[in-house]
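Note that the protein sequences, when read in sequence, are chains P and S.
The numbering of the first sequence is my numbering, which starts it at 420 and goes up by one.
The numbering of the second sequence is my numbering, which starts it at 125 and goes up by one.
Hints are computed from structural coordinates only; laboratory data are not their basis.
Treat the hints with care, as some may be off.
FRET-style restraints, in silico, Cβ to Cβ [claimed, not checked]: (1) R289(S) <-> S441(P): 51 to 61 Å; (2) S243(S) <-> G631(P): 32 to 42 Å; (3) L431(P) <-> L235(S): 21 to 31 Å; (4) V239(S) <-> Y680(P): 32 to 42 Å; (5) M274(S) <-> V500(P): 52 to 62 Å; (6) M274(S) <-> F662(P): 51 to 61 Å; (7) Q286(S) <-> R482(P): 31 to 41 Å.
Computed from a predicted model, the values in this text were never measured in an experiment.
For each residue, glycine too, the CB sits at the ideal point set by N, CA and C.
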Amino acid sequence: MGGRAARWLLVLLLLGELLLLSRQASKRGREGPLLAGAAIGVLGPVARGITGVQHGIGTVGSRLRTRKSVMAENDKLREQVSALERQLLRLQSVEGAFLRLGDAVGYARRTRQPLQVADVVYADYASWLRSLLVYVADKGARVDQPVVDEHGLVGRVIAVGGGYAKVQLVTDRTSAVGAMIERTSRQGVARGNGHSGIALDYVPLQADVRPGDRVITAGIDGVYPRGIAIGVVREVRPGTQLFHHVEVTPLVDFGALDHVYLLPALPDAPALSESLSSDLR
Amino acid sequence: MTFVKFLVALLGAYLVHLVGVTVSPRFPGVVDPFLLVIVWYSMRTGPVGAELIGTATGLFQDAIFGGFFGLHAFADTVVGYGVALAAQRVVVGQQAARVLIFAAAAALQQLVLVVLLRSMVGAGSPLPSLGSVLGKIVTSVLLGAALISMESRARTQWSSWQRRRSGRLRFR
Chain P
420 MGGRAARWLL
430 VLLLLGELLL
440 LSRQASKRGR
450 EGPLLAGAAI
460 GVLGPVARGI
470 TGVQHGIGTV
480 GSRLRTRKSV
490 MAENDKLREQ
500 VSALERQLLR
510 LQSVEGAFLR
520 LGDAVGYARR
530 TRQPLQVADV
540 VYADYASWLR
550 SLLVYVADKG
560 ARVDQPVVDE
570 HGLVGRVIAV
580 GGGYAKVQLV
590 TDRTSAVGAM
600 IERTSRQGVA
610 RGNGHSGIAL
620 DYVPLQADVR
630 PGDRVITAGI
640 DGVYPRGIAI
650 GVVREVRPGT
660 QLFHHVEVTP
670 LVDFGALDHV
680 YLLPALPDAP
690 ALSESLSSDL
700 R
Chain S
125 MTFVKFLVAL
135 LGAYLVHLVG
145 VTVSPRFPGV
155 VDPFLLVIVW
165 YSMRTGPVGA
175 ELIGTATGLF
185 QDAIFGGFFG
195 LHAFADTVVG
205 YGVALAAQRV
215 VVGQQAARVL
225 IFAAAAALQQ
235 LVLVVLLRSM
245 VGAGSPLPSL
255 GSVLGKIVTS
265 VLLGAALISM
275 ESRARTQWSS
285 WQRRRSGRLR
295 FR
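This is chain S alone, in the form it adopts within the complex (with noise of 0.2 Å):
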C-alpha cells in the first residue's frame, strides 16, 4: 500500500512538474517536487527503502530532464539515505525539525550534483548559480513546511471524524 502510496505521489510530482514547466521553463530550477516526495516518504521508512525511493525517483528525473542519466538517481540515492538517517536520530515529530530536514536535504542534493557535474565534465561544467540553490532551498522548506501542516490537519479530522463515528455505533 505504501509502495501504491508512493507511486501516485510521484505521478502527483510528475504533473506539477508538467504545468509548471509550462507556466515557466524557470520552474525546475526553482522547485523540485520530487525532492518533497523523497524527503516525504524516506521520513516514514527505514534507510533500505529511503535508498530505493531515491534511486527510482531519480531515475525517473533524469529521464524527464535528460543530460546524464543516473545522475540525479546518484544524488536522490544520497539524499534518502541522508533524510533517514536523520530521521532515525531526530524527533521528527516536532515540525522545526522536519522543516530543516527539508533544507538540508536540498542543500545536500544540489551539493551532490554539483560535485558530480565537476567531476564528470571538467571545470567547465555547467553550475547552477548560488540563488538557484538558495530558490530550491526556500521553496523546499516552504513546500515541506506547507505539507506538513495539511498533513496534521487531516490528521485530527480524520481521528475526529472516527471518534464521532465510534461514538455513535456505541449508542445504538
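Extracted from the complex, chain P is given alone in its bound form (with noise of 0.2 Å):
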C-alpha cells in the first residue's frame, strides 16, 4: 500500500511540475513565476546579508592594508572628479544646442530615461544559465525592465520577489535581443552563447559587415529600447547558406559587475497600439 501511494504521489507531484513548465515555455507575464518571486522575496535577504558580511571583511582587511595607497588614489579621484565636472559643464552646454537644433528641424528627441540603480548580490553562472540576483529596495522591478550598466547591455529582469530581481544576462543561451549594426543599421538577433560570448545572428551574406563594428538595440523586440551598446564584431565568417556568422564581444564586463541600472520597461504592444491609435484621433 505504500509502495502504491508513493508511486501515485510520485506521478502527481511530476505532473504538477511539468504543467508549471510548460506554463512557464509560453507565458510572458509582468511578475514572472509567483512561486520565484515568493522565494527571491525571502531568500535575497539572507543572501544580501552574507555577501555584505564577506565584502565587509574584505573591505576591513584591504584597508589595513591599503592605506597610503587609497589616500594617494583619493588625491587622483578628487583630480579626476573636478576634470569629470568641467567636461559636463561643456557638455551640457552642447547637450541643450543640440535640443534646441532638434526642435527646429522638427527631429523626434531620445527622451531621457530615468535611471533605476539596483545593487548586484550576486553572479550566478550554473553551468548553463547565466543569471545575477540584484538588490533594488522599495522602489521595486518589473518583469523584462533592461539592465544597463556603463558600458552597455547587460540583461533584462526576469524574475521579481521584494526588494529584489533576477537579470538574465545577454550572454545566457536563451537570451535573444533584437539588435543591429549601428554603421549600416543592418538587423539581426543578438544571442548569447552560454559562455562569455555573443552571436549574432540572420545578418545575410550579401550585407556589409565587419570587425570592428558596434552592435546595439535595434528597438524592434518590444523589451529593450533603440540604442543601447550591445558589443563589438569580433570575427565575421560564412555560415549557412544566406547568413553570415558573426561573433560579437560584449561590451560589459560581467565578472566585474558591482551595480546596474534598471531602465523602464516598454509598454505592452497593446496599450502601446491603443496610445497610437488615441494620438491619431
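Two chains, two separate frames, one set of hints: put the complex together.
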C-alpha cells in the first residue's frame, strides 16, 4: 500500500511540475512565476546579508593593508572628478544646443529616461544559466525591464520578489535581443552562447559587416529600447547558405559588475497601439 | 524533528552554495550541495518522504538558480524517489553501497535535467559539458563519502560518551 501511495504521489508531483514548466515556456507575464518571486523575496535578504558580511570582512582587511595607496588614489580621484565636472559643464551646453537644433528641424529627440540603480548581490554562472541577483530596495522592479551598466547592455529582469530581482544576462543561451550594426543599420538577433560571448544571427551574406563594427539594440523586440550598446563584432565568417556567422564581444565585463541600472519597461504592445490610436484621433 | 533537521541542512547547503559562488562563479557547475541533502535524507526515509524532500529542495534550487521554475524540482523528485527505492533494496549499511548511491543520484539528476531541457527548449538547448557532468558525479561521491565517514565517527563518539556517562552513574 505504501508503495502504491508513493507511486501515485510521484505521478502527481511530476505532473504538477511539468504543468508548471510548460506554463513558463509560453507565458510572458509581468511578475513571473509567483513561487519564484516569493522565494526570491525570502532568500534575497539572506544572500545579501551573507555577501554583505563577506564584503565587510574583505573591506576591513584591504583597508588595513592599503591605507597609503588609498590616500594617493583619493587625491587622484579628486582631480579626475574636477576634470569631469568641467567636461560636464561643456557637454551640458552642447546638449542644450543639440536639443534646440532638434526642435528646430522637428527631429524626434530621444527622451531622457530615469535610471534606477540596483546593487548586484551575486552572479550565478551555473553550468548553462547566466543570471544576476540584484537588490532594488523598495523601488521595486518589473519583469522585462532592461538592465544596463555604464558600458552597455547587461540583460533583462526575468523574476521579481520583495526588493530583489533576477536578471538574465545577454550571454545566457536562452537570451535573444533585437540588434543592429550601428554603421549600416543592418538588423539581426543577438543570442548569447552560454559562455561569455554573443552571436549575431540572421545577417544576410550580402550585408556589409566587418570586425570592429559596433552592435546596438534595434528597439524591435518590445523589450529593449533602441540604441543601447551590446558589443563589438570580433569575427565574421560564412555561416549557413543565407547568413553570416558573426561573433560579438560584449562591451560589459560581467565578472566585474558591482551595480547596474534598470530602465523603464517598454509599454505592452496592446497598450502602445491604443496610445498611438488615441494620438491619431 | 527530522523535518527541522532537513530545513537546517537545506539552509546549510544554501550557505555553502553562496560562499562557493563568491569564491568561484563555476562552483555550482561542479558542486551540488543540495543533491547531497536529498540523497542523505532520502536514504533515511521512505519513498513518500523522499519525493517530498526532492520536490522541496528542487523548488528551492530553482528559486536560486533562475531559468525554468520546476526544472530542478522535477529532477530532484525523481532522484529522491530513486534513492529511497535503492535504499530499500540495497544494504545501505555498507559504505561502498552508499557511495555508489551518491554517484548514481548525481548521474540520474544530470540525465533528467538534460532530457527536460531538450524536450522544452529543443535542439538548441544549452547542455552541460561532459566534464561538468563527470565533475559533479565525482564531487558528489567524494563529499558523500566524507559525510558518511563524519557521521559514523560522530555516532561512535556519541555512543562511547553515552556508555561512559551511564557507567559513572551506575557506581554512585
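Okay, the hints, checked on the actual structure:
Roughly 57 Å separates the CB atoms of R289(S) and S441(P), a value that falls within the hinted 51 to 61 Å. In this structure, S243(S) and G631(P) meet the distance hint of 32 to 42 Å, their C-beta atoms being roughly 40 Å apart. For the pair L431(P) and L235(S), the beta carbons lie near 22 Å from each other, so the given range of 21 to 31 Å is met. For the pair V239(S) and Y680(P), the supplied restraint of 32 to 42 Å holds, since their beta-carbon distance comes to about 39 Å.
Between M274(S) and V500(P) the beta carbon distance is about 54 Å. The supplied range of 52 to 62 Å therefore holds. A hinted range of 51 to 61 Å holds for the C-beta pair M274(S) and F662(P), which are about 56 Å apart. Remark: the range hint 31 to 41 Å for Q286(S) to R482(P) is contradicted by a beta-carbon distance near 49 Å.
Consistency note: the structure conflicts with earlier hint 7 alone.
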